[in-house]
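Student: Work the whole structure out from these sequences, hints included.
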Amino acid sequence: MASPARRPLRRLSAPTTRSSRWRPAVPLPWPSDKYLNIWVCTLGGGLLGYAQFPGGPPSTDGVVILNRAFGTTGTASDPFKLGRTATHEIGHWLNLRHIWGDTEDCTGTDFVDDTPNAQHPNFGKPTFPHVSCTNGPNGDMFINYMDYVDDAAMVMFTPGQVVRMQATLAGPRATLVVSAQHLTS
Amino acid sequence: MADKIDRAALSQRWVHSHEEDTADEMVFRPASYAFPPSRGRRSFQLKPEGTVVTFGPGPDDRSVQSEGTWQLDADNKLILQTGTAERAMPLLRVEPNKLVVKKE
Numbered sequence: 161m162a163s164p165a166r167r168p169l170r171r172l173s174a175p176t177t178r179s180s181r182w183r184p185a186v187p188l189p190w191p192s193d194k195y196l197n198i199w200v201c202t203l204g205g206g207l208l209g210y211a212q213f214p215g216g217p218p219s220t221d222g223v224v225i226l227n228r229a230f231g232t233t234g235t236a237s238d239p240f241k242l243g244r245t246a247t248h249e250i251g252h253w254l255n256l257r258h259i260w261g262d263t264e265d266c267t268g269t270d271f272v273d274d275t276p277n278a279q280h281p282n283f284g285k286p287t288f289p290h291v292s293c294t295n296g297p298n299g300d301m302f303i304n305y306m307d308y309v310d311d312a313a314m315v316m317f318t319p320g321q322v323v324r325m326q327a328t329l330a331g332p333r334a335t336l337v338v339s340a341q342h343l344t345s
Numbered sequence: 004m005a006d007k008i009d010r011a012a013l014s015q016r017w018v019h020s021h022e023e024d025t026a027d028e029m030v031f032r033p034a035s036y037a038f039p040p041s042r043g044r045r046s047f048q049l050k051p052e053g054t055v056v057t058f059g060p061g062p063d064d065r066s067v068q069s070e071g072t073w074q075l076d077a078d079n080k081l082i083l084q085t086g087t088a089e090r091a092m093p094l095l096r097v098e099p100n101k102l103v104v105k106k107e
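Chains as they are written, first to last, in my numbering: chain A, 161 to 345; chain P, 4 to 107.
Calculated directly from the structure, the hints in this document are not laboratory data. Even for Gly, the Cβ is constructed at its ideal location relative to N, Cα and C. The reader is advised that the hints may include incorrect statements.
Computed far set for chain P versus chain A, every beta-carbon distance over 10 Å [said to hold, decoys possible]: (1) Q15; (2) T25; (3) D27; (4) K50; (5) V56; (6) L94; (7) N100; (8) K101.
Derived contacts from chain A toward chain P, CB cut-off under 7 Å, selection only [to be verified]: (9) L208; (10) Y210; (11) A211; (12) H252; (13) F283; (14) Y308.
Tutor: Okay, here's the thing in structure tokens:
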């Protein structure tokens, strides 16, 4: 999304006040009814990123990406330097769930009909097929952006996931579409 | 029967080192281990008195945790009970910096 001239990028540096001078710098969000906030920073424990679903507090609405896994150049490093962490987290921001349904016993769901149920997240670059939850012969759709594989191994959203994201942009995040139309008009 | 695993050796936080898994085994390392970045890791902290705190990525990738109890049965199967959920993990071996679990 375009950066409006009225909100210069230096806003991403936390304002310094006498009372907050010893606190860590926490960048303020832009208005989340008009913008997708993307925080790029270091994260504890090697975590690549996290997101906020629609409906959460505006002060934390957006996605957070590890600086070593953002974009395709600079500090981005293998196997997470194709920008897929942002794809995955923005998928959550648009209300997508993990393809294994966030349970470890095949009882979970991602609320999308065309992603096969899976038992666990897949990691690395899995070998086809990885069958779980009686989802043979093709098994887990580990090439989906909403699994946990390496950047190079994830390549797709399903039509059902696209419908769910479109529903989010027509519903709880509809104000962003209107905002984007104003920026380009 | 395999040698009985010492409960005291288990009492720490174990983090899934999924990069080291094989087709048959899962590998866990102490929390102090230098893990590479990951989209999410499961872990569990076993306390000597028999309580456990489990950690794992939530639906939005933020870590979520649950508290419960743990026990080690006669067959070296580690049983984690959190709420109504129970997870049994057959332990193959424990080393100072490595816990190996059989995949089931």
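Student: Each of the hints needs a verdict: does it hold here or not?
Tutor: Evaluated hints:
Separation of P/Q15 from chain A is adequate, the least Cβ-Cβ distance of about 16 Å exceeding the 10 Å criterion. The Cβ of P/T25 lies farther than 10 Å from every Cβ of chain A, with a closest approach of about 12 Å, so its non-interface assignment holds. With 10 Å as the threshold on Cβ separation, the claim that P/D27 sits away from chain A holds: the shortest Cβ distance comes to roughly 14 Å. Every CB of chain A lies more than 10 Å from the CB of P/K50, the least distance being 20 Å, so the non-interface label holds.
Distance to chain A confirms P/V56 as a non-interface residue, since its nearest Cβ pair spans about 15 Å, more than 10 Å. Every Cβ of chain A is farther than 10 Å from the Cβ of P/L94; the closest lies at roughly 18 Å, confirming the non-interface assignment. Here P/N100 stays apart from chain A, with its beta-carbon at least about 17 Å from theirs, past the 10 Å limit. Every CB of chain A lies more than 10 Å from the CB of P/K101, the least distance being 18 Å, so the non-interface label holds.
Nearest Cβ of chain P to the Cβ of A/L208: about 5 Å, under the 7 Å cut. The hint holds. Interface hint status for A/Y210: upheld, as the beta-carbon distance to the closest one in chain P is roughly 4 Å, under 7 Å. At about 5 Å, the closest approach between the beta carbon of A/A211 and any beta carbon in chain P falls short of 7 Å, and the interface hint on this residue holds. Because the beta carbon of A/H252 sits about 5 Å from the nearest beta carbon in chain P, less than 7 Å, this interface hint is met.
Because the beta carbon of A/F283 sits about 5 Å from the nearest beta carbon in chain P, less than 7 Å, this interface hint is met. Evaluation of the A/Y308 hint against chain P yields a held restraint, the C-beta minimum of about 4 Å falling below 7 Å.
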